[in-house]
Each structure stands twice: as C-alpha cells, then as structure tokens.
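In case you want the letters, here they are:
There are 2 protein chains.
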Amino acid sequence: MSKAMKKIQVTIGLFILSTVLAVSNLAATEHSDPLPSWQEGASKQAIINFVNDVTKRNSPNFVEKNARIATFDNDGTLWAEQPIYAQLMFAIERIYTLAPQYPQWQTQQPFAKLLKGDVKGALSHNENAVNDIVMAANTGMTDEVYTHIVQQWFAKAKNPSTQQLYSNMVYQPMLELIAYLQHNAFKTYIVSGGGIQFIRAWSEQVYAIPPEQVIGSTMKRSYQHQGTKKIIMREAEMDFYNNKNNKVIAINSHIGRRPIAAFGNSDGDMQMLNYVTDGKGARLGMIIHHTDAKREWAYDRTSQIGHLSEGLDKAKEKNWQIVDMKNEWKTIYPVIPK
Amino acid sequence: MSKAMKKIQVTIGLFILSTVLAVSNLAATEHSDPLPSWQEGASKQAIINFVNDVTKRNSPNFVEKNARIATFDNDGTLWAEQPIYAQLMFAIERIYTLAPQYPQWQTQQPFAKLLKGDVKGALSHNENAVNDIVMAANTGMTDEVYTHIVQQWFAKAKNPSTQQLYSNMVYQPMLELIAYLQHNAFKTYIVSGGGIQFIRAWSEQVYAIPPEQVIGSTMKRSYQHQGTKKIIMREAEMDFYNNKNNKVIAINSHIGRRPIAAFGNSDGDMQMLNYVTDGKGARLGMIIHHTDAKREWAYDRTSQIGHLSEGLDKAKEKNWQIVDMKNEWKTIYPVIPK
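Chains as they are written, first to last, in numbering that gives the first Met the number 0: chain A, 0 to 337; chain B, 0 to 337.
If we strip away everything but chain A, and leave its shape as in the complex, we get (with noise of 0.2 Å):
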C-alpha cells in the first residue's frame, strides 16, 4: 500500500470514528437528564410526560414544532420577587440617581420620603405613589438610552435582602425547563406584568429569550422629531397593564395562537393558565409555588407580592401542577463560576 493511500485510510478512519462518537454523544444528551435541579417528583414527571406527549411523532397528541409555544410570567416563577420587584427596585434608584437634577423632589412626595430614606412611607404615601416613582424613572428618555440605563443598572445592581446580582437570583430549575423547552422546539415566551423593554433589556443573556418574546406592560411611546432625527420617546402614561385577563389578550395580540404551556406563580397568571389549559389536546399548566422560607422565600395566600390564592383553590379542579419549591427543587439559584 502507498503512502498517500495509507494517508487516505487513516482519513476515512477517523471521519468515521469522529461520526461514530458524534452520534453515541448525542444519543448520551439525549438520555442525560435534562432537568438535573428537579428532584424526582409530580412536577418534573408532569413535565417530562408533557414533552414526550407532544413532541413524540406517534403519539395522539402530537403538535407541530410551530404550534409549541409556552409562556412564562416572570416575577416569582422565573426570578425571585422578594423583599420587592427588581423593577421597582430599579425605579427606587434611579430616583436617587436622578434627584440632583430635580431639587424639587426635596419636598415634593413621594420623593421627599424616599430621598430621606423612608421606602415604606414613600410608596404608599399615597394610590398614585408606586406609579409616579415608577414613571419618572422609567419614561421621559429615548427607548434606546433606557435598555442602555436598565442594562447598566443590572450589571451591577443586587437584592437588598441577599445581597447578590439579580442575575443570580434567576431559578436554576427553571433555566434547565427553558432550555429543554426549547430543545425540543418551542418557542418560549415571557408574559409579565413588569415593563416590556425592562426585560427586554437582559432577557437574552439570563434567559436565552430574544426581546421579540418578551410581552410585558408598556408605557405610551411615540415617534418624534429630536434635531434631525426621530427617536422613539418613552411618554409618562401607561399604554397596557399586562396583568390577569390583560395576560390572554397581549398572547393574543403577540402571538396569536394559543400557547400549549403556561407557568405562573401568583393570582395575576391565573387566568394566562386557565386559557392556555381550556385548549384542546395535551396541556400543561403549572404554578410555582414558594414554600421554601429558608433557601427562598415562603409565601402565598397572605402576601401582597406574588399573591396566590386562586390558583390553590382552583389547581386540582384545573389539572394544573403545583411545584413545591421546599421539595421539588434540587438547588434554586444557579452556581455562577467567578
């Protein structure tokens, strides 16, 4: 045998080796666990049975690749909620960055309150308190210079309570469902009740999902002359309050067609689980439910973030699945490498 065919064997062995291992190392993802912070348990069972239901090409309830949607509410079911929103977080110190521009926020409430400290007092001093905190901090600018403000804030901002980055503060479980979700073709939706280019703002890099699905609450805009150019400006009004029945109308309006999946963890998504469970063929619906007051937060019934009440009333009788945080999570915030 010739050098060069010798050269050519020893090609054609690898390539086939290289093939050979290939196939045996998608076959080895393809039955690893995909769902490794899941203890064994109802919910991870529920979800798995789901997919399978779905994405099985011989099962009776199979659906196409472009009919595999699933949302998510944010606040609470993908990220922690407690002691107070991000968003409002967000707003809070902005408030503080912005006040030597506004000396009149010195006496004026509810800045006055916040600016000496009192966040309490400050946001319910009175109905309008939240909403006007929350609208001088996020309006007034291009839509461009806010994604830019909201991306730097959360390059560095952390939860008053744990002290860590709000990226890390994201569920472990649930950043293994998304990208399962979307491993097996789904397109994956958040559906929150925060602002839309809020989230938007870091939606990619933390969650994989690309800002065109990301539905929140919008703020009125318009499109108007600055100098030469036009720019969108982010007006001082609310445009659409994305909570409750206003969930199902912004799937529509985004969408278009009824979700498959639905994940919640307050009374607000309830009625986003009941449209996306009363569709036809294989539904999942699912609560996150946060029992876990020493490696999170426990909370439901009583409390006025993440207020779930409804959704334990109604599960059984619904055939939506309750996660139990305390029990069915592994590990609940991601291991970040320094």
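Treat the hints with care, as some may be off.
It does not matter which identical chain is meant; a pair holds if it fits inside one copy or across any two.
For lysine-lysine, the following DSSO-like pairs were computed, each having C-alpha atoms within a straight-line distance of at most 30 Å [as the list claims (entries may be wrong)]:
(1) 229 to 219
(2) 219 to 243
(3) 157 to 293
(4) 315 to 279
Just so you know, these hints were derived from the structure itself, not from any lab.
Given the coordinates of chain A, work out where chain B should sit on it, guided by the hints.
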C-alpha cells in the same frame, strides 16, 4: 480481500460519494439565483449586496443572526391592493352573508346601499361608513371563530378585477425575497395597516410567515365567560390603527429592536422605512413602485389606495431603493400548479 471487507469498502465509498454530492449540491444551491423573478438591475443588486454585507463574517457590517430582522408592509407590497383592499372585500362579502340575520340593514346606512349593490355609495355614505362596515364584519365573534371565517373566505374569494384567488395575487418576486431573507437567517415580519388576525389566518400558508411575526391593526378584545368556558371576544371598537408613526411604535412593542431592512409601497410605510434606515450599519429601505398598468396597476401620487408621494420625494435623500415594477420584475404573480 474478503467479501465482508469489500462490502465495507463499498459502503464507505458510497458514504463518501453521497457526502461529496451533498456538499456540491449545497454549493449549487448557494450559487443559484435566489431571485429569479427579479431583472438584473439596481433593486436586485441592492438586495444581494445588502444580504452579503450583513451575513458575511468578515464584513464590517456583519449582523448576528438574532438581529437580522426585516419588516414588510402587506397591501401593495406583498400582494395586490387594487381595485379595493382584500379585507374590505372580505367585509363587504360578509355583510351580504350576514344580511338575512339583520333585517334592519335593509333600511340602515351604509348597509342598505351595500345590499342594493351600490358599493361605492355605501363606502362614501359618510365618514363612518367604512368603519361601520368593517366593525360589523370583523367583530362580535370569538377570535377562533373569526380566524375560521377568514380562512373559509380566503380559500375561495377572488379579486373582483382579475377574478383570481387572493393567494394568486401575491407578488412572486416578494415571495422569493422573503425566502431568500429567511434562508439567510432573517426573521421576516409583516407590519400592516390591515387587521392582525385577518392576516394571521393565512400568512403562514401564503408567505411562510407565522402568526407571531404578523403585526397589524387590532380591535379591542376581552377575555370573558361564555357558558362554562372563557373566550376571547372581538369587540366593535378600534384598539390600535397600525399606520404611519404607529408602525414604528408597533415594531417597538412587538419586536423590541430596530429592524435592519424594511419594505413598503405607500406613504403610510415611510415612517417605518425612516426608523429602519436611520439605524447604524448596513440598512435596506425599499419602496415597491406600482408602474405596471399592463400586468398589474399603475398608481402613486393621486391614488387613494396606496398613495405614494412622500416616498418618491424623499427616496434619494434617504437612500431608499425604488423598485420599478414594470422594468424590474420579470413576473408579477406566482404560477400556481392547479
């Protein structure tokens, strides 16, 4: 050489051969004309230059796949809008269908004129006439029922001038353009003044654009009880009219980042073109100019449908490419196999 060895050699040989064929086949696809219905000329060259510019890794204007977003107006850009918008024809025909259930329409304008066959008189009866007809035809049913009604109509309805199915009135060059962009990892969106659910009912079948990538005008909807179920009801009130500046706002709401290419045909699209081409890096703004009275319709500055004046005046300054249909499109409509 043993029989087994020979078999292995033949198998390997066939495997390599098929790999080589697959690769060369791919190369052939890469080099074949992606836009066969476009004449060689300025517009075709502008498209190909732009796509190369944003997709070649070594290009200074390279754009990551997730940011390759293109937006298309629908009426007059992707399909014919003369002699009357398709959705208005749908509305008129639906009034005829519904008439037996509404005897009061026999004397109530603008319906009475319509039912006597005076379409022009009905539409111009007063300033609310078009709105009254559109509302009566497009609302008052659930979202699912509406989609079904539109699909049934679409399967059989014909353009009143050409007597062709509406699916045969789409522009073949634009179908090729959409496919070419999709092949290059673009997300292609429709951004239309037409009704969002009206277009979604057939956009996937006709354009290979899924419902979630269709943006349009919306009616108010409510999520309400109907017996033991809850349904999305289409209310007889305009929610959002997606035209001019609103197209930019809607892109901001639905997509959340600036597209890099936009295609329109009337002054209602110029704000969208402006927004898209105002961005940094390579941008493509393109105006379909209806110049072909013989194969289609010729109209621009004096037409009520598809009025185009600002676009023609500003194109040069804005570096927007004007497509001269008569001279730049080899074919207009697709040849649909019967």
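We went through each hint and held it up to the structure:
Taking the shortest Cα distances, residue 229 and residue 219 sit within 30 Å of each other both inside one copy (16 Å) and across copies (29 Å). In this homomeric assembly, residue 219 and residue 243 come within 30 Å of each other (Cα to Cα) both inside a single copy, at 20 Å, and across copies, at 16 Å. When the C-alpha separation of residue 157 and residue 293 is checked against a cutoff of 30 Å, the pair qualifies only within one copy, where the shortest distance is 19 Å, while the shortest distance between copies is 66 Å. Taking the shortest Cα distances, residue 315 and residue 279 sit within 30 Å of each other inside one copy (18 Å), while across copies they are farther apart (53 Å).
When held up to the earlier numbered hints, the structure conflicts with none and fits them all.
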